[in-house]
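The listed protein sequences derive, respectively, from chains X and H. In terms of our numbering, the first sequence is numbered consecutively and its last residue is 522. In terms of our numbering, the second sequence is numbered consecutively and its last residue is 522.
Calculated directly from the structure, the hints in this document are not laboratory data.
The list treats identical chains as interchangeable, and a pair is accepted whether it falls inside one copy or across any two copies.
As a list, the in silico EDC-like pairs of lysine to aspartate or glutamate whose alpha-carbon atoms are at most 20 angstroms apart:
(1) K468 <-> E45
(2) K325 <-> E219
(3) K158 <-> D116
(4) K290 <-> D116
(5) K207 <-> E326
(6) K158 <-> D122
(7) K290 <-> E174
(8) K135 <-> D122
Remember, it's a predicted structure, so these values are computed and weren't measured experimentally.
Protein chains: 2
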Amino acid sequence: MADPQNETLTGAEALVSTLANNGVSACFANPGTSEMHLVTALDGEPRIRSVLCLFEGVATGAADGYARISGTPAMTLLHLGAGYMNAGANIHNAGRANTPMINVIGDHAVPHLRYDAPLTSDIVGLAGPNSRWIKSANRVGDTGALASEAFAASFGPKPGPVSLILPADSAWLEGGIEGEKVTPPALRSVSKAQIDSAVEAISNAAKPVLIINGTALSETGLQAAARLKAAGVRVLTDTFYTKMRRGAGVFAPERMQYFAEGAMADLEGSDLMLTAGTQPPVAFFAYPGKPSLLVPEGCDVLDLGDAGTDSAATLAALADAMGAKESAPVETLNVPDAPTGDLTAQAVGQSLARHMPENAIVSDDGVSNGLMSYIPTQNAQPHDWMMLTGGAIGMGMPLALGAALAAQDRKTICLSGDGAGMYTNQALWSMAREQADVTTIVFVNHSYRILNIELYRTGAGNPGPTAKDMLSIGGPDIDWVQLSTSMGVPAAEATTAEAFDEALAEAIAVPGPRLIAAVVPG
Amino acid sequence: MADPQNETLTGAEALVSTLANNGVSACFANPGTSEMHLVTALDGEPRIRSVLCLFEGVATGAADGYARISGTPAMTLLHLGAGYMNAGANIHNAGRANTPMINVIGDHAVPHLRYDAPLTSDIVGLAGPNSRWIKSANRVGDTGALASEAFAASFGPKPGPVSLILPADSAWLEGGIEGEKVTPPALRSVSKAQIDSAVEAISNAAKPVLIINGTALSETGLQAAARLKAAGVRVLTDTFYTKMRRGAGVFAPERMQYFAEGAMADLEGSDLMLTAGTQPPVAFFAYPGKPSLLVPEGCDVLDLGDAGTDSAATLAALADAMGAKESAPVETLNVPDAPTGDLTAQAVGQSLARHMPENAIVSDDGVSNGLMSYIPTQNAQPHDWMMLTGGAIGMGMPLALGAALAAQDRKTICLSGDGAGMYTNQALWSMAREQADVTTIVFVNHSYRILNIELYRTGAGNPGPTAKDMLSIGGPDIDWVQLSTSMGVPAAEATTAEAFDEALAEAIAVPGPRLIAAVVPG
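All chains, full assembly: derive it from the sequences and hints.
If you want it as structure tokens, here you go:
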């Protein structure tokens, strides 16, 4: 069955060229000895840009950002079970974002596994829970076919990260066979019957509400959402969505509140909840005596498909079936005045609204400061906003790195908490090496501020000195300007709104990576 | 059954006080919302020192170092499945070191799990493969009993990391009951019959060799090893052992070579291999056409117990049974002259031999530079040397942090590659906060140098530009002095042997954390 031209391919070469044939154009890598043949295979594959990351969580966060912007999965290169675990938190986040991603995990040669060498681990066991699909290419002849399978599986039924384990001997042996070019499964459509029941349910509801994510947050999805809004359906996004088009000229849905009690008060009286591209909203955490499911008592829930569904098409079909011809108004451009005085998250948002160029990309891992920066940008130039979806902080900088490499003609802005940024600070080095056009804004409050809020909300009592220490990341205060420049990213600190506005204007004017340490109240 | 005094304990309090009652004295923590009640429980427990780590891999590496020095497991505090994965690589390493460790993993409240909130994950699935024991305290009344069970399980049958999952409601509810104070299982002894067969096998062997790890590397273990050596048994340690006493006055066994071909050449002709506190040696990685098991053809293997066995006692029993009265010579103190000229790993080792104070602790994650620093210190003041056991680089600085906190009257030296150090650079911040008495030496060669060697050895071909980029961590060069000072650890760079010697003398003279960027050839 082998193409005669392919007979001298190694397994690694067959894997890499299969992914390239299928349109994979980036590999975020942290290789080790067992991946050396993959490294040389990538060396011979000009269609894939290889990006070295100094920590695996950077690689997977970047692969997520790359795919959210390009629509095509990136591959990662991870070193056995330990490398997979280092990569794991951002794979979790990517899973929650329903981002296609192909994690290629090098393993020991198959005959070596039985000897239990120091790096041996149960990779299938470790990676299985966070993989939409997982297989090991235990025979060199299978590497290409499994690469095709992995590529397709990353698109669904529900898109997400897949794991392809490549034992070292399957990589180094000759006899690799290129896999097929596959057509990834398309997003599903909801049936006419489902649309009809939704129309009927809406017509019978006093206060219908629609929760959206996925392709519903694209420009066309939001056009349909604006029609539903005009027809009397309240439209909200998930609190933490994958990617949304927003800004001037775009309809802005509301956003689900983070805190359960606020969300429940806000939804009070809603008697119908439709969900498209998502699932019924759930409190991020449980709290004593507070609800988990954020659906009011007596409110019916109607499922219009998960992230494997084309929810933009769902919304358009629903609007058509309702005969919704009008649209709710879109946002107008509003360039605010330069902020003045103390630097706050809101002032950061104001400056962003002033300086973000058209078609910018925002990676938001701003934690307790995210929301106040989010609001003022609703009337900025049109842009794409990406959220931390899975709650594992430390995604913002890697996500921005990947997004910037996927869209080199666009400016990427990263918002990161200081606590969040520390998990994956190594992303700065890859930004510098690749000269990624990312302006990173770190909210420096020397605190896990969100935890100070959560400590109170969980009723865990008044914090004593030990507890306070556990929630403070001051003492010593991290010098983000030094940290950033140590890895090659020029940086500045701003302690006033005026200084921030100036630093942001400058960072955006110059291509390439920059960091601004935005000192905000703790 | 509850002690009336305990009836108002929360589950978190019962867990924490049970561990404290059992002698746990340190908690390395990176908490989140689901761990708030654990944080306040730790706040009320003066017997446990809580240490905040800004990345979970720092927490588990530090817990490993703490236990290697104190002999008692530390607890960690991790935030759900994502936190566990961030912690995972150093848990893997600790497993390979057979270090007892109690990982307490916060989870969502049990009734919250079914709603699949963003941070929900299959923690048992993720953590199971790297846990000697794993249970979830799904009822508040069980938290204390399971803490006792976890403590005992961390000691064996084979010591290592255990996972205790604590759902948030089991933490916050009242009704916690303190668990028992348990006697950890003692290390096992080998039988007289095993010793007798070993004696007989040795008497019949032409070239017997003994591979040792575990307690055989303690001072008493090495005294017994010296007797066996004098009686004609060649004694080698594992290439990467957990902890060994070495230096002046101590018998120095040989060390297994890292590269398979070197090890096999070295062992040629050995006809009997005894293993005590370890398993038969295995090549770290597989290479095309090279052996995996590092046991010569025709060499018999005799197992004298794994890491769950007291191998110091095994060696003493064996030496007694052989009537071995003489001892091989111990090392003599040799303070070398100050090194001069270009800075090399060997010069670093020479300076260490000059300046390391008596009873220092070394954490070795020096990768390609480790060995050349190791050799000259064989004649230094007596000290303990700890290795990276599981091959997941990024352990050195966290391990040094934990060791230093376990032995505050001793100096800890950390040797780290620059590539290795980047995985867990956040350890520097915790060193600064805790004023840990650690001198960190980073070998700066701007390269994954070991991979340049391995690329050649695996026969992966000549590296082109992409492959070269994947193995180089220069471009941009990381400024380790800035990186270190950004997190509060004073630092200096040395590019000559003279400058290094001076910087090391100064760092060792002053208590508290210091870093030296030792620029060595790439």
